[in-house]
Amino acid sequence: DVKVTQSSRYLVKRTGEKVFLECVQDMDHENMFWYRQDPGLGLRLIYFSYDVKMKEKGDIPEGYSVSREKKERFSLILESASTNQTSMYLCASSHGAVTEAFFGQGTRLTVV
Amino acid sequence: KNEVEQSPQNLTAQEGEFITINCSYSVGISALHWLQQHPGGGIVSLFMLSSGKKKHGRLIATINIQEKHSSLHITASHPRDSAVYICAVPYTGNQFYFGTGTSLTVIP
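Chains A and B, in that order, give the protein sequences.
For the first sequence, the numbering used here gives the first residue as 255, with consecutive numbering after it.
For the second sequence, the numbering used here gives the first residue as -3, with consecutive numbering after it.
Hints are computed from structural coordinates only; laboratory data are not their basis.
Check before you lean on any hint, since a few could be wrong.
[What the hints assert, rightly or not] Lysine to aspartate or glutamate pairs mimicking DMTMM-like chemistry, simulated, CA-CA at most 25 Å apart: (1) A:Lys257 with A:Glu271; (2) B:Lys64 with B:Glu11; (3) A:Lys311 with B:Glu1; (4) A:Lys324 with A:Asp292; (5) A:Lys307 with A:Glu326; (6) A:Lys309 with B:Glu11; (7) B:Lys51 with B:Glu11; (8) A:Lys311 with B:Glu11; (9) A:Lys272 with A:Asp282; (10) A:Lys257 with B:Glu1; (11) A:Lys307 with A:Asp292; (12) B:Lys64 with A:Asp280; (13) A:Lys257 with A:Glu316.
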């Protein structure tokens, strides 16, 4: 059973904290993605990576950074969390766009 | 400007009803994905299709490439079908445009 696993389902962090969201996939996929999902806005791409140590900005990269040191792991970093980063964060991986994308269960982050 | 438009945004149905969710897109594509998101967040892929029709249980997805339109149908709907359904199309080789989703509630 293929799997994309996010490290936390729910997180509560304080404004200004550095926050790490971890994502691991076991399908040997080249592509990995971080999205945030907000009511009425749908899924918006923050960053994606198509290979180890490679990263590309998505539509809303401001306030975020990523790290991909190993093929199976893609981390999203909030350098200094702010309340407007309260959201649902979803990680996904794929072998390519024409094939399926597989999603993690999501992390609901609340910044207080 | 949204490259992927879904309708309706919200849908409430009685158990047993036939349901249709629509997706229109403005970009050229090689395939279109239908995704399902249950309360709690996790997203699963229902279908990937590039032409014609696919069926899985009570779910049917169709696509008309010329008209740039796809539909997701649910026959004999059930409360466990309550979820958000999202249409997605790929672009630039490995990214996706997503619709904003259709929130379906099926009442017993």
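Unmet hints by their number, sorted upward, for this structure: 1, 2, 4, 6, 8, 9, 10, 11, 12 and 13
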